[in-house]
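Undergrad: This is what each chain is made of:
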Amino acid sequence: MTKTLKYLALAIGAVVFAYPFVWMIAGSLKPEMEIPNLSLWSSNFSLTSYAHVFERIPISRAFLNSMFVSCSITALVVVLSSMVGYALAKLNFFGKEALYLLIMFTMMIPFQITLIPQYVLMVKLQWTDTYLALIVPSMMSGLGIILFRQSFRGIPDALIDAARMDGCSEFTILFRLIWPLSKPVILTVAILTFMASWNDVLWPLIVIRDRSLMTMPQLVTIFVTGGEAESQLGSLLAAATLLALPVILAYSFFQRYFIESMASTGIKG
Amino acid sequence: MSLTKKRTAYLLVLPYVVYFVAFVGYPLCFSLILMFHRWDIVTPMEWVGLKNFIRLAADRLFFKSIGNTLIFLLIHIPLQIAVALGLALLLNSRIWFRGFFRAVFFMPVVVSGVVVTILWQQMYAYDNGVFNGILSAVGVPRVPWLVDPGVAMSSIALMATWKNVGIYIVLFLVGLQNIPRELYESAEIDGATSARQFFHVTFPLLNPTIIAIVVLSTIGGFSLFIEPYVMTGGGPMQSTLSAMLYIYNQAFYFNHMGYAATLGFVFALIILGVVVLQRKFIETEPT
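Protein chains in written order, with my numbering: chain Z, 988 to 1256; chain H, 14 to 300.
Just chain H, same shape as in the assembly:
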């Protein structure tokens, strides 16, 4: 390889290196410094040692916000996998208008979360929302979708499922099409019912897809922010305060930059921990 070619190679990757240093490397290092300071971004930084971590350890609201986010994930992920798999199985058979149905299910994915949130906020309204309108028309009592602290996070999880399920339908469709037909044929020769075929062929072979979906929606779910920000502001009684919303408030509402950096760091460690645990847990499951 000639010298000029090598030089061109460095020229090609130079923008990335500059970008990495400025927008990844520097912020990472700076966050490590910021964690040990108190700073309101206006007055000079003040060294506080481990105080931010001590404060975090006793910060009930931070742990509540982590708990809220986990509740969101626990409802959102299984619901999403069930709905996505169900619709993908329907779409995977020989049917008319397949492309049309796929396009409709995918539509909420491309639209801004702000639009979806405004829309669902109206539909969730207690007195004159669409959902309670339907419920009272069929004689079921109204549901306090966003006003009851015990229900609000589930309502947000339901909305998030509606918004994102399109991606996972498509991922399941790819997974289903990768299953060799011969497996079903030999299962049929062995006299397996379609239920048995599902649990012994389809489901185990979709394991990689399911792992991908769990990991992707966990990472996505941990960044839950705009939905509670617009819909509930974190209420009622902090029941929809997500960890990301709490960090945002600490940084940009109270100007606690040092403390928010500490929260962000610890939260990132928690995310990585959960993702690693998930991988281990799902992959070692007997298939």
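Same shape as in the complex, but just chain Z:
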């Protein structure tokens, strides 16, 4: 009996969490009049709303922008943070403790304090309305460094010393020896970074005004708030579906890694 109740509660929960997404996809295909009702089926499914979105905003360009920006940031963060993480975990140098404290301190600063001056910096460098403004300020991650450091500390020193004996440079050791041994932490940092940059809206809204450079969530935000959707529910839902689809697809293939990455840090996507 209690077993049945448990399953009932979980099933209701699953409906509450999944239904809105299914309703969104169904709504994006339904004619305007039928969207408000709860049903997920209509005999009049069509792609009209999608046509409207593609006509009004450069959404495919925005998708490519987002892809380019998020992939660049992810690659930079993984390479650069693992370099620092390796130095902190396995090398001795003057100022190591100070550097570690500095990174911890940086992670504790609320971003609200640096947001405005960072924007001013972008203006001064004339980076606004360029990919640089979207990529460079995110190319390093304190959290990434800490995660790499923790993981690399578990690798035996003997292994690294043996490689040094063979004449390997520290860079070769990091990228040829340590990286292949550290796939889980690389995946964790990559997923966290990619999710965070893909879903970020505030920073693109601040530094990008040119529509052809906008990221996907930013363009959809502008579409919704700027009146271009002309309050057509179907177009709004179609734009939202286009924005959600890549992430939902990636998530359905790699959900275990998504969940474990975020659980290991408790950081929001």
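Derived from the structure by calculation, the hints contain no laboratory data. Do not take every clue at face value.
[What the hints assert, rightly or not] Restricting the straight-line Cα-Cα distance to at most 27 Å, the calculated cross-link-like pairs of lysine-lysine (BS3-like) are: (1) Z/K1077 - H/K19; (2) Z/K1170 - H/K18; (3) Z/K1111 - H/K64; (4) H/K77 - H/K293; (5) H/K18 - Z/K1077; (6) Z/K1083 - H/K293; (7) Z/K1170 - Z/K1083; (8) H/K64 - H/K77; (9) Z/K1083 - H/K19; (10) Z/K1077 - Z/K1170.
Note that this is a predicted model, so its numbers are computed, not measured.
Assemble the complex: chain Z is given as a structure, and chain H must be docked to it using the hints.
TA: Chain H alone, transformed into the frame defined by chain Z:
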């Protein structure tokens, strides 16, 4: 350690040092200067001394936006802990399809806040939204989800809970699995009911998880921006104007860079203060 190895160490950390100076150190120092200036980013900066702080002290709307953000947190955090703990306890027992349920509850976490906001805005619609449709079908009067200033922030908090609860379910699951089984066994021998076991074993031992969740969702909640930006624009009657949205408007709508920097600085101090207080308060609670 050889000299070349040391040099390589510096080479490895050099990118971080450059990055820190340019994107953390410089902005931090510059914000300290900016706070004492009036600046519209186009004309030259003008020194105004403490005027920005005096203006802030009398800025009703800023304090209202802080208050709004606190209201959001006060609804969002307890709701989130209750829902997350409930679902985590259900998932922690021996059940079928556990991975499936976990994946479904986690789905809104990975999707952009913009998607969630568009979706819920439609569902919250007064006349033809899904929620009011269900309510009127069962004979309950419609709720003015986003149009009543007294309700709108709660509606946003409810939506944020739906979006983020997946992370906290997973964190609670980790916490629950770290509780040694023997504790439950000995409690059972002592004849403790499952309710007593929950309040005397499970709940106290989840204290570190709860602290982590409170701190994380406080920091996350203080950056509440895109939800009111898309959904309500801060209305009705500024009831959903979050502090972050107010700062954004000051900086990028009115071009008050100096004043926005001041607001950002004071807001950051408030955030740090609240987080420190929370830690003290929750950690000293008798367990």
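Undergrad: For every hint, state whether the structure bears it out.
TA: Hints, one by one, checked against the model:
Pair hint Z/K1077 plus H/K19 holds up; C-alpha atoms about 11 Å apart against a cutoff of 27 Å. Between the alpha carbons of Z/K1170 and H/K18 the distance comes to roughly 25 Å, so the proposed pair stays at or under 27 Å and holds. Restraint check for Z/K1111 and H/K64: the C-alpha separation of about 25 Å stays at or below 27 Å, so the hint holds. Distance restraint check for H/K77 and H/K293: the Cα-Cα separation of roughly 26 Å lies within the 27 Å cut-off, and the hinted pair is therefore satisfied.
A hinted pair counts as satisfied when its Cα atoms are at most 27 Å apart, and H/K18 with Z/K1077 qualifies at roughly 11 Å. With a C-alpha separation of about 30 Å, the suggested pairing of Z/K1083 with H/K293 is violated against the 27 Å cut-off. Distance hint between Z/K1170 and Z/K1083 is fulfilled; the C-alpha atoms sit about 25 Å from each other, no more than 27 Å. With a C-alpha separation of about 20 Å, the suggested pairing of H/K64 with H/K77 holds against the 27 Å cut-off.
Between the alpha carbons of Z/K1083 and H/K19 the distance comes to roughly 11 Å, so the proposed pair stays at or under 27 Å and holds. The hinted pair formed by Z/K1077 and Z/K1170 meets the criterion: a straight-line CA distance of about 18 Å does not exceed 27 Å.
In the structure shown, a violation is registered for the earlier hint numbered 6 alone.
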